[in-house]
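Student: Take a look at the letters that make up each chain.
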Amino acid sequence: MNIQFNILKKIIHSRFRKQINKSKLLSSILILTSSIFLSLSAHAIGPYASRNDTVTDLGTGLQWQKNPSLKPHNWQNGLAYCENLSLDSHSDWRLPNIRELKSLVDYSRYYPAIAADIPCQSSIYWSATSVASDTQTSAWSVFFGNGDDIWKVKSMSFNVRCVRAGLLGAVRK
Amino acid sequence: MLKSKTDPSEPLLVSLACFLSFFLILYKMILGLCQNKPATIHGYQIYIDHHVAIYSLIYLVFAPAVEIIKIQNKDIDEMKPTKFRIQMIKDNGGRYIPQLWLIPFVTIMLITPPSGSFAEWLPLPDTGQTACYDANNLVIPCPSAGTPLFGQDAQYNGATPDYVDNTNQTITDLQSGLIWTRSGKGLQFTWQDAISYCDELVFANQSDWRLPGKFELESIVDYGKFFPASNKIFGCEGSFYWSSTAHMGNSEYAWSVFCNDGADHWVHKSNKYYVRCVRTGP
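Chains as they are written, first to last, in our numbering: chain A, 1 to 173; chain B, 1001 to 1282.
Just so you know, the hints here were simulated from the structure itself, not pulled from any lab data. Treat each hint with caution, since some may be false.
Said to hold, decoys possible - Within a straight-line C-alpha distance of at most 20 Å, the following computed SDA-like cross-link-like pairs (lysine to any residue) qualify: (1) B:LYS1225 to A:ASP134; (2) B:LYS1225 to A:GLN136; (3) B:LYS1232 to A:SER133.
Stated by the list, open to error - Ranges between beta-carbon positions, derived for each pair: (4) B:THR1167 to A:HIS90: 40 to 48 Å; (5) A:TYR111 to B:ALA1145: 35 to 43 Å; (6) B:TYR1163 to A:TYR111: 31 to 39 Å.
Computed from a prediction, not measured in an experiment: that's the story for all the values here. Backbone N, C-alpha and C define an ideal beta-carbon position, used for all residues, glycine too.
Modelling step: build the complete structure from the supplied sequences, incorporating the hints.
Tutor: Structure below.
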């Protein structure tokens, strides 16, 4: 930033001494804008790029609903809630699978076990993955207090946080 | 004495081009940077070192600016030009065109669409679930869009896992780049001993084995399978496998994965469980 500041100072200084040079003015604007973008992007090189209603995980490429559903849903209604969600001018939201949901967990944190940028209750969240056994009546869910994955009977009601492909990711069959 | 007769449009154009290309490569590079994977440009896999990436980003933004200052405020003499630059200035009728070498580079960047996959977990491996289930968890034909129960795991695809059996009791996951030891020695350890076992392991001519983190250990879980809940080539000794991830809530506990159903459990570090070591390829 120091170097850029010096360059700008020099350009502005020379403008007062000499004639106003259009190209100098333009290039100084260019340098200024690029330095602003550079410093902004430096903050985004973390795991998460946050917007008003969504959070994009640059590690997985997934875009997440920032604020989960206000009221809990059972598993079937959770699927429907995400399919019908329209957020950040996108409508291709869906309920995350268990692997995607667990990619949000930060196991170095506790109650909630998730990055501080993401508003989250230390409660259970549904995934779209069913337990692959005909003797079970459950689907996979994640308890965000400590990040444990838990089988929960599908008729029970829990929180829902939707996801979309974002940068890259799952594609509908 | 050479005096620079600058054409202001030239450095400005180069500056503009650099400015534009900066945004295009930023997208590729940041993703690649985070995950240490090669970027794909026109089918060629280009491995970008952290330092190269950061310096080229800085250079693309700063270099045009520095050159503009040089040629507009100083005589060529003050720039202490190299032989090559003097020749270049002479060839261009006394004009100094900065950063000529950038033009092909910038052109390549400009015409390259942002594409390819660079990150270790980008996209995440698919869960493996292929069947659809109803609200009572009975298998049903997958519902169509707009009908109830649509939007299940099986209706969206992630990246299909790609395993190679190296036939030396190790398995390579081509997607994550991780190399796993096949389970089946029947050895069980406490958590601390499991960490040192993998650290000290010399196996398949390699010595950089380590105990996998929880996320790595779960990356081979196949949620479409049950008993065991992973591809059979990994082996499953019917119980818990240690991860190196400690449980934050209680320092006496660490995370493990039960290989038969794929679920994680936080268990006491003094318990003895199985071990699957991992190393980062190649």
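Student: Decide, hint by hint, whether the structure agrees.
Tutor: Going through the hints against the structure:
no. : hint                              : result
1   : B:LYS1225 to A:ASP134             : holds, 12 Å
2   : B:LYS1225 to A:GLN136             : holds, 13 Å
3   : B:LYS1232 to A:SER133             : holds, 17 Å
4   : B:THR1167 to A:HIS90: 40 to 48 Å  : holds, 46 Å
5   : A:TYR111 to B:ALA1145: 35 to 43 Å : holds, 38 Å
6   : B:TYR1163 to A:TYR111: 31 to 39 Å : holds, 36 Å
In this structure, none of the earlier numbered hints is contradicted; all agree with it.
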